[in-house]
Amino acid sequence: MTTTSPAPAAVIAPPPPRRTRVRARSEWKGLAFVAPFLVVFLLVFIAPVAYSVHLSLFREQLVGGNAFVGLANFVELFGDAQFWEGFARVVLFLLIQVPIMLGLALVAALAIDSARLHASGFFRIVIFLPYAVPAVVAVLMWGFIYGDDFGLAANVNDWLGSEVITPFARNWILVSIGNIVTWEFVGYNMLIFYSALRTIPTDLYEAAELDGAGPMRVVTGIKLPALRGAIVIATIFSIIGSFQLFNEPNILRTLAPNIITTFFTPNMYAYNLSFSGQQYNYSATVAIVMGVITAVIAYVVQLRGSRKEER
Amino acid sequence: MSATLAPEVRSVDGRSADPASARRSPRRPHSPLRPRKSVAFTLLMSIFILYSLVPLAWLVINATKTQSGLFSSFGLWFDDEFVLFQNIWETLTYRDGIFLRWFGNTLLYVVLGAGGATLLATLAGYGLAKFRFAGRRAVFAVVLGAIAVPGTALAVPTFLLFSQLGLTNTPWAIIIPSLISPFGLYLIWVYAVDSVPTEILEAARMDGAGEFRTFFTISVRLLAPGIVTVLLFTVVATWNNYFLPLIMLSDPTWYPLTVGLNQWNAQATGVAAQPIYNLVITGSLLTILPIVIAFLGLQRFWQSGLSAGSVKQ
Amino acid sequence: MTIARTAARRTLAVAATAALAVGALAACSTGADATGGGSPDDLDAALEAGGELTYWSWTPSAEAQVAAFEEAYPNVDVELVNAGTNTEEYTKLQNAIKAGSGAPDVVQIEYYAMPQFALADALVDLGEYGLDELEDQYSASTWGSVNVDGKLVGLPQDSGPMALFYNKTVFDQYGIAVPTTWDEYVDAARRLHAADPTKYITSDTGDAGFATSMIWQAGGRPFEIDGTDVTVSFQDEGTEKWTGVWNQLVEEDLLSTTPGWSDEWFKGLADGSIASLPIGAWMPGVLESSVADAAGDWRVAPLPTYDGTAVTAEHGGGGQSVVKQSENPALAAAFLRWLNSDPASIDVFLESGGFPSTTADLEDPEFVGLESEYFGGQKINEVLTQASKDVASGWSYLPYQVYANSIFGDTVGQSYANKADLNEGLADWQSQLVEYGNEQGFTVGE
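Chains as they are written, first to last, in the UniProt record's numbering: chain A, 1 to 311; chain B, 1 to 313; chain C, 1 to 446.
Watch out, some of these pointers could steer you wrong.
[Stated by the list, open to error] With a Cα cut of at most 20 Å, we get these calculated SDA-like pairs of lysine to any residue:
1) A/Lys29 to B/Ala138
2) A/Lys29 to B/Phe212
3) C/Lys379 to C/Ser289
4) B/Lys37 to A/Arg170
5) A/Lys29 to B/Ser163
6) C/Lys324 to C/Asp42
7) C/Lys241 to C/Asp421
8) A/Lys29 to B/Glu202
9) C/Lys379 to C/Lys324
10) B/Lys37 to A/Leu110
11) C/Lys389 to C/Leu134
12) B/Lys37 to A/Gly121
13) A/Lys29 to B/Thr198
14) C/Lys379 to C/Ser352
15) C/Lys324 to C/Ala99
16) C/Lys419 to A/Arg170
17) C/Lys324 to B/Ser163
18) C/Lys241 to C/Ser393
19) B/Lys37 to A/Val219
[Unchecked claim] Stretches of chain A that chain C covers, calculated by requiring three or more beta carbons in the stretch to come under 8 Å of a beta carbon on chain C:
20) 246–258
21) 268–276
Simulated from the structure, these hints should not be mistaken for laboratory data.
Predicted, not measured: the structure shown is a model, and the values here were computed from it.
Note that beta-carbon positions come from the ideal geometry of N, C-alpha and C, so glycine has one too.
Make the full structure from the sequences, and use the hints.
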């Protein structure tokens with residue numbers, strides 16, 4: 001137990017049931033352990049998904065009732081410029097915000113793990129703290145701070161004597177949202193990375209020390225490879241989060257009503273379709289398509305991540 | 001072995017200042033290269049601290065201001081009038097103390113929702129890790145696939161489904177969906193594979209102990225750090241739950257804090273506008289306070305659990 | 001248009017709605033479903049018998065009104081629920097209707113949203129309980145708003161005839177006279193902003209309720225509804241009159257871009273950077289409670305016009321309706337009758353700063369002559385009650401107005417954001433509304 005092998009941290013894949021003896025009598029007992037979860041899961045995930053699929057094949061009108069329309073909703077979605085505009089926006093967001101956030105998280109994790117920081121425990125908890133703040137509160141807070149008439153942004157502009165910072169302008173809004181999301185989740189991702197770093201066995205460092213490797217060499221040769229699994233899992237969660245972007249733009253909407261449209265992100269589009277437009281069927285179609293796209297991309301990322309690992 | 005495993009895992013957490021404990025531990029808290037601590041590097045990294053703390057400082061400072069003081073004074077410094085305690089009092093007593101009611105609701109959802117989610121995830125993750133049965137892998141694929149479907153878009157089907165069952169506008173509409181934590185299931189699964197040695201289970205079976213008895217008497221103890229970690233994440237998730245209650249509840253007496261606060265914020269709009277931004281800010285502060293305290297108080301447990309979650313012994 | 005003609009049109013409209021109401025009564029003998037129909041006597045009997053009701057409202061007066069009602073009718077237990085402010089409440093109501101249960105007995109709905117819920121067949125026709133007899137008690141415009149397709153789907157509570165609220169201190173400081181026409185208003189906007197670039201004549205980032213009311217005042221009638229036949233057209237003369245004026249403000253950057261009802265907006269109203277508001281008559285209560293620092297600065301004048309003829313429009317305001325899901329619609333209707341016509345209730349409403357829809361109060365010398373301390377002793381209700389009489393008739397909202405307003409920012413809002421021609425944004429709005437309407441089974445023409 002004292003000697004441990006290099007630990008590729010969590011990669012999304014079912015862990016192998018090592019040393020488990022297959023026994024006929026444990027078959028039903030295993031199921032008994034899993035059953036309560038599965039029953040609730042069936043009720044709150046599978047049933048609504050199945051219902052969504054059902055809904056997506058129909059179209060109910062305010063006037064004229066409900067009719068089976070086959071795949072017409074999907075065909076319509078395929079040519080829906082509003083949907084694709086929102087989709088392109090979250091992809092852009094994903095490509096820029098996620099690397100920045102994960103990069104910052106990585107830097108913070110490596111710094112805290114490097115033992116060069118004074119009070120590293122303080123760093124760890126403070127950077128993680130924003131994760132505890134409810135998204136609603138975080139957005140309200142940043143919304144006040146962003147205010148370019150009376151918020152901190154205004155104070156900064158006054159000080160600079162110009163109108164440089166306009167968080168709610170069209171060109172800035174995605175940056176403003178990205179900043180809130182980064183603030184909320186950088187600590188969470190930092191902790192995932194940090195935890196993975198903690199699992200690197202001491203003998204690897206000792207070997208490196210014997211070889212006379214410098215700190216940078218340790219980072220690139222030992223730490224980053226050991227983090228690959230954690231990076232894959234953090235990337236997957238961030239992709240899912242980006243595709244589901246909703247709370248932040250939706251609450252900021254009152255402050256930037258024309259800039260943040262009702263179809264700003266696919267998720268907002270789905271929400272507004274069903275709750276403002278009562279287009280429940282079309283909304284379900286958006287949900288299903290987004291779910292499939294997200295699952296496929298998450299799967300591809302995981303495949304690529306684990307393939308590299310095998311090399 | 002079973003007795004030493006959990007404490008050792010726990011010792012992983014930040015006792016960086018104590019070299020003695022590091023020597024005893026199989027893994028030292030830091031790279032053994034032992035570089036000197038650097039003031040310059042610490043100052044550079046303090047940008048992170050600033051970034052994380054400035055908005056929170058803003059919240060604390062502005063909770064001490066009056067509604068009009070909010071807009072007439074510099075955001076990051078105190079106003080002449082210091083009314084934090086009046087604000088807190090007003091927040092707690094506004095509309096017959098509905099804030100306290102929301103606080104109680106949130107606690108209820110957290111205790112039943114997060115507690116239940118942790119229990120279900122622990123049972124299921126353990127079952128998946130330690131037993132082999134048909135469909136194991138299918139369970140994993142389906143659970144993971146489900147995370148990818150946008151929850152907001154599932155809200156309507158879930159709402160209609162729950163209203164068929166007569167659950168909307170009751171606490172159950174919040175608690176039942178909170179019972180599922182795919183991430184928690186995953187974490188316990190990974191954790192259980194290594195931290196609960198099959199030999200122990202075999203020995204217990206030889207002694208004739210039932211599986212559930214073994215689970216509750218032996219395995220739970222071995223899983224403790226993982227369980228605490230999952231509990232913390234589910235507590236945060238239910239404490240911050242916003243969208244689901246917004247859809248499911250129409251009666252404010254069942255609101256959790258997040259939805260209530262946003263309703264206070266929205267109250268500034270329209271014909272009957274009654275802006276109470278000072279209470280929104282003070283309420284936000286009171287909302288995050290308990291969870292921050294829980295974070296700080298439990299940190300030695302959850303940090304070790306998280307790192308241990310990806311450890312192979 | 002002369003005053004006489006406006007009045008004549010209004011009378012016609014009243015006659016028309018009355019005729020429609022009678023038609024509804026005649027039809028209800030067959031149309032009455034589970035509610036079982038009823039009469040004023042049934043309402044009294046229901047009050048006598050008592051029972052429990054749920055009432056959704058976000059008005060500040062609701063709590064005191066419910067308390068007063070329960071005192072007067074101890075057998076009735078009313079549970080007041082604040083289910084959210086405007087669209088938030090509508091979403092919940094919509095969900096409850098869709099789900100088939102969970103809706104309240106009585107619900108607050110703004111005028112613009114009533115046709116939508118009436119169309120969904122979610123609201124009880126109060127004509128069945130003889131409440132159409134109350135017509136004389138309400139101003140013509142609000143009564144028109146609660147009559148949809150020949151059914152009385154609610155009783156009016158407040159009203160919002162538009163007037164011009166302006167910051168006299170700022171106007172005086174820059175020597176700006178109170179504008180009486182929109183041309184003068186645009187002129188004032190230019191002068192004010194030129195004199196002090198931090199000050200704007202008003203703030204408008206694109207608000208569907210405001211835009212439709214301004215079009216209403218200008219004589220535009222973009223929405224015409226006949227059953228499920230709908231017309232949406234922003235190409236009429238009235239709409240273009242409004243865009244002709246407002247385009248100047250938008251394109252010349254003369255409007256503050258602070259979104260309405262944000263914290264910064266309230267601050268702007270207090271410090272004079274937003275110098276006036278063309279807005280509904282319910283605004284004094286909001287100013288007094290939320291812009292207390294500016295006490296004494298503000299005054300009210302009639303809404304500027306295009307040609308000097310006094311005419312205005314309703315902006316905001318709403319009433320209450322009985323939901324068909326109610327298990328005790330007679331009791332709900334009785335509560336509603338008390339809520340919006342009993343003097344005891346109206347008094348509570350007035351005390352909370354609301355602006356009434358009831359003619360008795362609009363004509364009450366005491367109400368009209370009230371000197372408002374906040375407004376520097378001005379008898380503001382003289383202006384506001386006159387506005388209530390000057391509301392142009394013949395306006396209707398779409399049977400999917402809540403949705404329409406939700407996509408206003410996506411379309412017309414883009415004109416505001418780009419400081420571009422509002423007509424383009426309106427054309428975009430129109431095409432989306434036509435498309436949506438047709439998809440939903442309406443027959444929509446342009």
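Here is what the structure says about each hint:
| no. | hint | result |
| --- | --- | --- |
| 1 | A/Lys29 to B/Ala138 | holds, 18 Å |
| 2 | A/Lys29 to B/Phe212 | holds, 9 Å |
| 3 | C/Lys379 to C/Ser289 | holds, 18 Å |
| 4 | B/Lys37 to A/Arg170 | violated, 44 Å |
| 5 | A/Lys29 to B/Ser163 | violated, 34 Å |
| 6 | C/Lys324 to C/Asp42 | holds, 17 Å |
| 7 | C/Lys241 to C/Asp421 | holds, 13 Å |
| 8 | A/Lys29 to B/Glu202 | holds, 14 Å |
| 9 | C/Lys379 to C/Lys324 | violated, 42 Å |
| 10 | B/Lys37 to A/Leu110 | holds, 14 Å |
| 11 | C/Lys389 to C/Leu134 | holds, 18 Å |
| 12 | B/Lys37 to A/Gly121 | holds, 13 Å |
| 13 | A/Lys29 to B/Thr198 | holds, 15 Å |
| 14 | C/Lys379 to C/Ser352 | holds, 18 Å |
| 15 | C/Lys324 to C/Ala99 | holds, 13 Å |
| 16 | C/Lys419 to A/Arg170 | holds, 13 Å |
| 17 | C/Lys324 to B/Ser163 | holds, 17 Å |
| 18 | C/Lys241 to C/Ser393 | holds, 17 Å |
| 19 | B/Lys37 to A/Val219 | holds, 17 Å |
| 20 | 246–258 | holds (count 5) |
| 21 | 268–276 | holds (count 3) |
Hints 4, 5, 9, counting from the list given before, are not met by this structure.
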